[in-house]
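If you read the sequences in order, they're chains C and P.
Residue 86 in our numbering is what sits at position 86 of the first sequence, and the numbering runs on without skipping anything.
Residue 264 in our numbering is what sits at position 264 of the second sequence, and the numbering runs on without skipping anything.
These aren't lab readings, by the way, just hints derived from the structure by calculation.
Only a predicted model underlies this, so the values are computations on that prediction, with no experimental measurement involved.
Backbone N, C-alpha and C define an ideal beta-carbon position, used for all residues, glycine too.
There may be inaccurate statements among the hints.
Which stretches of chain P does chain C cover? Using the computed rule of at least three CB atoms under 8 Å from a CB of chain C, they are [stated by the list, open to error]:
1. 182-193
2. 235-248
3. 251-264
4. 268-276
5. 318-330
Just a few of them, taken from the derived set where beta-carbon distance is under 8 Å, the chain P residues facing chain C [to be verified]:
6. Arg64
7. Thr65
8. Ser174
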Amino acid sequence: MSIESPVLEVEDLHVSVARPNGDRAMVVRGVSFAIDAGNRVGLVGESGSGKTMTSLAIMGLLPVGAYVESGSVRLEGQNLLSLNAHQLQRLRGSQMAMVLQDAMTALDPSFTIGSQLAAPLRRHKHLRGKALDEAMVASLERVHLSAAKERLRQFPHQLSGGMRQRVTSAIALAGDPRLLIADEPTSALDTATQLRYLQLLDELQASEAFALLFVTHDLSVVREVCDRVMVMYSGEVVEEGEVGQIFDAPKHPYSKALLDAIPQVGQSKPLKAIDGLPPEAGAQIAGCRFAARCRHSREICEKQPPKLSERSPGQRAACWATEPGGWLA
Amino acid sequence: MTGIELADSATPTEASPVLVSLRDVTVRYDARRRLFGKSDEAIVALENVALETRQGRSLGLVGRTGSGKSTIAQLVMGMIQPTEGTVTVARSGKKREDATEAAGSRHGVQMVPQDPYSSLDPRMRVRDLVAEPITRGRRQGRKQLAVVRARVRELLDLVGLPPSAADLYPNEFSGGQRQRIAIARALSSEPSLIVLDEPTSALDVSIRAQILNLMWSLHEQLGVTYLTISHDINTVSYLSDEVAVIDTGRLVELGPNEAVLTSPYSPCTLQLVKCVPGASPEVLRLSPPRSIAVDFETRTGCLFRSRCPLYVKLGEPTECSSVTPQWRTVADGRTVACHFYEQTGALLD
């Protein structure tokens with residue numbers, strides 16, 4: 001698979017948001033990554049870290065007032081940023097698709113599951129009549145919804161949260177996209193339902209081999225689904241690596257602090273919390289953006305921004321302290 | 001799984017006063033009310049729930065969405081009345097029957113709601129938000145006002161906010177800071193019990209840890225007792241001495257925090273614990289969804305059996321489907337409602 005070009009290639013992406021005073025605040029700063037077919041990449045960060053802006057920029061769905069400043073986004077080699085709205089619209093659903101956090105708002109409450117599922121199948125696969133009916137049932141069966149035929153006639157409110165998320169996944173995958181972006185798909189679900197949904201995603205991904213970008217604030221969920229993880233902080237990727245590398249040997253103090261901040265049963269008290277708050281979006285900071293909250297920061301951290309550099313094969317971090325020769329290396 | 005480990009002070013100090021007690025509480029909601037006449041269906045939110053929280057012994061409630069956790073919070077806060085049974089809530093040391101007490105005047109119990117974005121009135125200054133439980137919205141004389149202001153400063157300091165915060169409005173604060181304001185507000189009337197309903201689920205991971213630490217230190221400093229309700233086992237475990245597990249309106253297990261969550265007796269608890277992402281993969285988590293019919297109208301037998309891995313493993317015994325599991329005390333002061341609790345541990349083999 002790796003011989004082919006990656007499904008998604010994002011290079012040096014910068015996204016800005018217009019402020020009321022006319023300034024533009026840079027909310028995504030130089031994000032670069034690639035996802036191969038069949039790979040699953042997690043994008044982790046807190047609110048305001050720029051993870052959702054990154055995924056919306058890829059889909060071409062940035063809200064009014066947000067702009068891609070520079071960089072490139074390539075889907076199967078095609079530069080998405082050069083396309084017009086109509087061309088993008090054609091790619092969405094057939095080449096790339098998205099599953100959102102809240103399935104209740106993602107689905108239209110006034111239309112049946114069937115009519116919402118039929119739309120992408122008609123549009124992208126040009127199915128009509130009996131073939132369409134069969135494809136709809138097959139789509140719902142693919143996401144393990146029982147009694148698929150009856151479900152088609154039901155409305156979103158008649159389904160549970162877990163079922164609704166399955167339906168949105170079925171709709172997203174109806175056009176056989178090469179890239180699926182899942183933005184916090186399980187945050188509205190409770191743990192047992194979440195686990196079942198993650199298992200489904202895992203299974204679908206294995207059989208359909210789409211590239212998966214999984215956006216979440218929850219590190220433990222990433223561990224469940226992804227092969228690789230990128231940790232974002234204040235608009236930048238501060239660390240990336242294999243799931244095992246990030247969880248067992250994080251090389252950025254922020255990733256480490258995030259892992260320490262999750263309580264476990266039998267947790268010793270107090271928890272190691274990260275003091276302070278993240279910098280405001282778009283704040284001008286000379287050095288490392290995490291330095292003000294970092295236990296290990298030294299003079300250089302406040303003066304010069306660190307760059308992503310390799311720590312071990314496949315693992316990169318942006319931190320002066322863990323660079324070769326640094327004080328935490 | 002290792003053997004049962006008891007938390008340090010496993011035996012509740014019998015001398016400490018009971019703050020909240022639920023005795024055989026059942027809550028039913030009418031479903032599908034007819035235009036004329038009575039409703040023909042009822043949804044059971046809680047069924048024969050008995051619980052007790054004593055001073056200094058924080059209780060955690062865990063369960064799935066819709067299990068009845070928040071119904072218990074509403075009962076304790078006096079927002080709803082039980083259909084059957086009694087809820088007794090301590091009020092400044094004295095006990096009073098629930099029915100005689102107006103819901104709004106429950107000083108002994110306060111609540112920190114889930115979402116700090118919607119729970120604070122955007123048109124009130126922080127000072128007034130924090131003072132409201134003390135002043136109860138009444139105009140204060142000059143002398144009282146000074147006392148109230150001093151108290152607000154003290155409370156803000158306690159939750160780690162600067163005194164200047166008092167003059168600002170909620171929209172000038174981040175989610176974590178707003179939750180601090182909500183905590184200060186809850187503390188202001190010196191309640192003996194604070195109900196925390198999903199206290200950190202609206203917060204980011206790094207902020208969540210700050211708030212959990214704050215709550216824990218308030219418990220240490222002021223002796224506040226918490227009733228924590230969450231579907232996040234780790235949050236509940238962090239703030240609780242004892243844990244109660246609830247499923248479809250019934251209590252299924254109760255006991256010391258770590259003992260219950262590390263070596264559960266009920267398969268329901270086991271499933272909750274093992275569903276946490278990142279918990280090591282267990283055979284159990286992979287048990288496929290089955291379609292075992294449970295009659296939620298008559299509520300006969302164990303209502304967890306449709307999702308119970310033990311029920312399947314034991315070959316769907318008739319006891320589970322016909323006899324409602326009784327609440328039984330097992331060794332080391334733990335209680336469980338499961339016919340085959342002794343075999344739960346074997347699910348992990």
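Checked hints:
1. Here's how the region 182-193 of chain P fares: 0 of its residues keep a CB closer than 8 Å to some CB of chain C, so the rule of at least three is not met and the hint is violated.
2. Residue count for the region 235-248 of chain P with a Cβ under 8 Å from a Cβ of chain C: 3. That meets the three needed, and the coverage hint holds.
3. With a threshold of 8 Å between beta carbons, the proposed coverage of the region 251-264 of chain P by chain C holds, since 4 of its residues qualify and at least three are required.
4. With 5 residues carrying a beta carbon less than 8 Å from a beta carbon of chain C, the region 268-276 of chain P meets the three-residue requirement, and the given coverage holds.
5. Interface restraint, the region 318-330 of chain P with chain C: violated (0 residues with C-beta to C-beta distance below 8 Å; minimum three).
6. Annotation: interface hint on arginine 64(P) holds; nearest CB of chain C at approximately 5 Å, less than 8 Å.
7. Residue-level restraint check for threonine 65(P) holds (minimum Cβ-Cβ distance to chain C is 4 Å; threshold 8 Å).
8. For the restraint placing serine 174(P) at the interface with chain C, the shortest Cβ-Cβ distance is roughly 6 Å, inside the 8 Å limit, so the hint holds.
Consistency note: the structure conflicts with the earlier hints numbered 1 and 5.
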